[in-house]
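My numbering puts the first residue of the sequence shown at 6, with every later residue one more than the last.
Careful: at least some of the hints might be erroneous.
In silico SDA-like cross-links for lysine to any residue, where the CA-CA straight-line distance does not exceed 25 Å [said to hold, decoys possible]:
1) LYS19 x ALA117
2) LYS19 x ALA104
3) LYS98 x ARG50
4) LYS98 x ALA117
Keep in mind the hints are simulated off the structure, nothing from the lab.
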Amino acid sequence: MSDLVPFIEETARKAGARAVDLFGRVEAEPKGRSIVSRADREVERIIIGEIRGAYPDDPVLAEESGASGTVDIGLDTRWWAIDPIDGTGPYLKGLPFWAVSIACLRGSRVVAG
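Working from the sequences, and respecting the hints, build out all of it.
So this is what it looks like as structure tokens:
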């Protein structure tokens with residue numbers, strides 16, 4: 006686990022930098038009963054790319070694109086849950102109440118994030 010925290014922090018910084026670049030310049034798009042933006046998709050791609058580069062066999066559950074990798078999560082399976090822009094509504098309104106959320110889990114227990 007000791008290598009996970011620095012990895013998550015660096016990944017969140019990279020993804021967050023892109024979110025800041027796009028802050029105040031993106032449009033909302035309907036997605037079912039919620040909203041999504043180009044920023045959500047771009048930030049999610051950055052996070053998934055970093056996870057795939059460092060932990061290629063780990064499943065990822067992402068808010069915008071859904072599940073990738075093996076979905077059968079056992080008690081000992083390490084996997085990732087991400088919300089690229091947690092607080093899309095405030096983000097799209099130009100309010101500073103949002104975050105990049107990345108969690109690493111083993112089974113149903115969060116181990117870092």
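Do the hints match the structure? See the list:
Only pairs whose Cα atoms come within 25 Å are accepted, and LYS19 paired with ALA117 is accepted, the gap being roughly 18 Å. Restraint check: the Cα-Cα separation between LYS19 and ALA104 comes to about 12 Å, which is no more than 25 Å; the hinted pair holds. For the hint pairing LYS98 with ARG50, the CA-to-CA distance comes to about 22 Å; that is within 25 Å, so the pair holds. Pair hint LYS98 plus ALA117 does not hold up; C-alpha atoms about 30 Å apart against a cutoff of 25 Å.
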